[in-house]
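Read top to bottom, the protein sequences are chains A and B.
Numbering of the first sequence is given in my numbering, commencing with residue 659 and proceeding in unit increments.
Numbering of the second sequence is given in my numbering, commencing with residue 505 and proceeding in unit increments.
Where hints are given, some of them may not hold.
Pair ranges (Cβ atoms, derived) [as the list claims (entries may be wrong)]:
id	chain 1	residue 1	chain 2	residue 2	range
1	B	Thr587	A	Tyr1043	28 to 36 Å
2	A	Asp1189	B	Pro586	39 to 47 Å
3	A	Ile896	B	Pro586	27 to 35 Å
4	A	Gly1174	B	Thr587	37 to 45 Å
5	A	Ile896	B	Thr587	52 to 60 Å
6	A	Asp877	B	Ile580	39 to 47 Å
7	B	Arg517	A	Ile791	30 to 38 Å
8	A	Tyr675	B	Leu584	34 to 42 Å
9	B	Asp560	A	Gly980	42 to 50 Å
10	A	Leu907	B	Asp560	41 to 49 Å
Quick caveat, the hints were computed from the structure, so don't treat them as lab data.
All residues carry an ideal CB built from backbone N, CA and C; glycine is no exception.
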Amino acid sequence: MQNLAEGLRLPTNGLDYAILGIYFAVVLGIGFAARRSVKTSLDFFLSGRSLPAWVTGLAFVAANLGATEILGMAANGAQYGAYTVHWYWIGAIPAMVFLGLVMMPFYYGSKVRSVPEFLLHRFGPSSHLLSSIIFAVSSVLIAGVNLYAMAIVLQALLGWPQWVAIVVAGFFVLAYITLGGLSSAIYNEVLQFFVILAALIPLTIVGLKRVGGWNGLTDSLSGSHGDAFLTAWKGTGIGESNPLGANWLTIVLGLGFVMSFGYWTTNFAEVQRALSAKNLSAAKRTPLIAAFPKIFIPLVVVVPGLIALVMEPSLGKAGKDGLQYNDAIPVLMRDLLPNGVLGIAVTGLLAAFMAGMAANVSSFNTVFTNDIWAAYLKKNREDAYYLKTGRWVTAVGVLIGMGTAFIASSFSNIMNYLQTLFSFFNVPLFVVFIIGMFWKRTTAAAGFWGLLSGTVAAMVNYFWFYKQGVITIPSDQGANFVSSIVAFVVGAAVMVVVTMFTKSKSAESLAGLVYGTRSPGMTELPGEGDDAWYRRPALLGWGAIVLAAACYVPFSF
Amino acid sequence: MSDYQREVEELERESTTAARLFDVRRIIGGLFVVYGVIVTIAGITASDADIKKAQDININLWTGLGMLVLGLLFLIWLKLRPTVPPAPDEPADDQG
């Protein structure tokens, strides 16, 4: 990523900059307009738990559709071919459906304000504090990654010096979140979702025409990369080789189950969007509504990666100074889009960078203020104090994010970096959640040690066993999948053992937090119209699963 | 019900988001109408080089029209099903 080729400068003109300028004005406007709706800390951190499901659902998918994801998945498409669809159809969809149908009643119904806060009530302060600190640190790191990646891209595409990009984007994110809190983050995410689609759809259409349609694309790539490049499963038998460097078992268990469930069900930057929904039904529908756009996103992200590979066969192979896989989408923008749509594309990319960063910042300020500051440092102050603290924490978080931007520079493929982090932090958290939600007996100590041992096990596996060559795995991605499985198994085993030797919490204190129990006051009347058939969570969830499975058919034979 | 749940319920009662937050459909609709008009005009006045670059598709025209239609759909939706602010002293559970 840090070596975007010199020749990537886009031929932008005044029209494109006018489009970009309008967007920045609207972003700030949303911040100022949302400001008057913020009265309590709940308004600031969770939009007063009052947003409709379609807004939280689109924000849920957009919070994940940051520019690092878009450029990174197009890069994976160019590097690994059709195997990239695994991140969507087996990776994201089952986990999102599980979050909506199984976990959301506990999250939303128990009225917790964050994912770590659930740990506080289910397990106790030690696992709560540990996960809060890990989350706070990782979200600031990832915000920094985003900012750094953006500076690199803007320098290559627009010729902006890196510090200008960092300061401008950092300032806008800081301003609109400090003013309007989560509401302005979510509104900007919904807006960004539509703008990025308005950029990617024309890009894909023109690109497909350039390479001779879908048939032209598959013919060229089958010729240059072999038939397996355009299948999802060929060569994934254990012991066989494929571009991804993973077999079907590590794909299904590592990526599909452990890693994706860890990311989608416990990453507060995502779950926060669902917690801001107006009632339990809307909260359950949030990830389910998000699942449908998610199924089709590879069409406008992975396909452009493949198109770029046909147009620029040297992509990723020309050494340090040539075009990198991450340049796939910028190359298409440069070669195919005239001024006008080009401005929309630049705006969409910039909006996606800012939204990706904003999602991390708005979840960071919530966890830091509620779960660290209010829970352990300054307890029992009045609400206005925590609202003010939240605003300050936002500013400090953005500034630290700017400072940590340089950490991203040690990995060439940004997705690898992010996923490595997620496999270390989210998977053990998922183990603790899933066991804590379904096993009444598991104890506070088990939660803490499960979390710690799982995180350490993943790091040992990745940095020692894999990086030092103790075990052989063909690629970083494959090693990520294996590390996730290791984290899951070690975390779960430690939890079971520790539970045997420690005392369980009383049944009353677990009401509403464990499967088969309800908290008093959890029963909530459904909102008007929530019983319509198309709003039934089970139908939406299973519909998404069936659709994702059907999408595999053309890539499986 | 435990203490933190009572605290969240209290904050929910005092919350002003449902009553005061503007409707995002207005923003999406407005921005896409503006963008749609700008990009459509760029499409109508497109040079031969622009069209050739986009593989003989007048991509500005089509994208502009598409954005215009999407923007208008949001504004029509807002007109047909406007936001209903919650009645005072009632749980904020219906705003369309």
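Now for the hints, and whether the structure bears them out:
1. Separation of threonine 587 of chain B from tyrosine 1043 of chain A is about 31 Å and conforms to the stated range, judged on CB atoms against 28 to 36 Å.
2. With their beta carbons about 22 Å apart, aspartate 1189 of chain A and proline 586 of chain B fall outside the hinted range of 39 to 47 Å.
3. Our hint of 27 to 35 Å for isoleucine 896 of chain A and proline 586 of chain B is violated, since their Cβ atoms are close to 58 Å apart.
4. For the pair glycine 1174 of chain A and threonine 587 of chain B, the beta carbons lie near 38 Å from each other, so the given range of 37 to 45 Å is met.
5. The beta-carbon spacing between isoleucine 896 of chain A and threonine 587 of chain B, approximately 55 Å, falls within the hinted interval of 52 to 60 Å.
6. Distance hint check for aspartate 877 of chain A and isoleucine 580 of chain B: the Cβ-Cβ separation is about 43 Å, which falls inside the suggested range of 39 to 47 Å.
7. As the Cβ distance of arginine 517 of chain B to isoleucine 791 of chain A is approximately 32 Å, the hint placing it in 30 to 38 Å holds.
8. At about 36 Å, the CB distance of tyrosine 675 of chain A to leucine 584 of chain B agrees with the hint of 34 to 42 Å.
9. About 29 Å separates the C-beta atoms of aspartate 560 of chain B and glycine 980 of chain A, a value inconsistent with the hinted range of 42 to 50 Å.
10. For the pair leucine 907 of chain A and aspartate 560 of chain B, the beta carbons lie near 47 Å from each other, so the given range of 41 to 49 Å is met.
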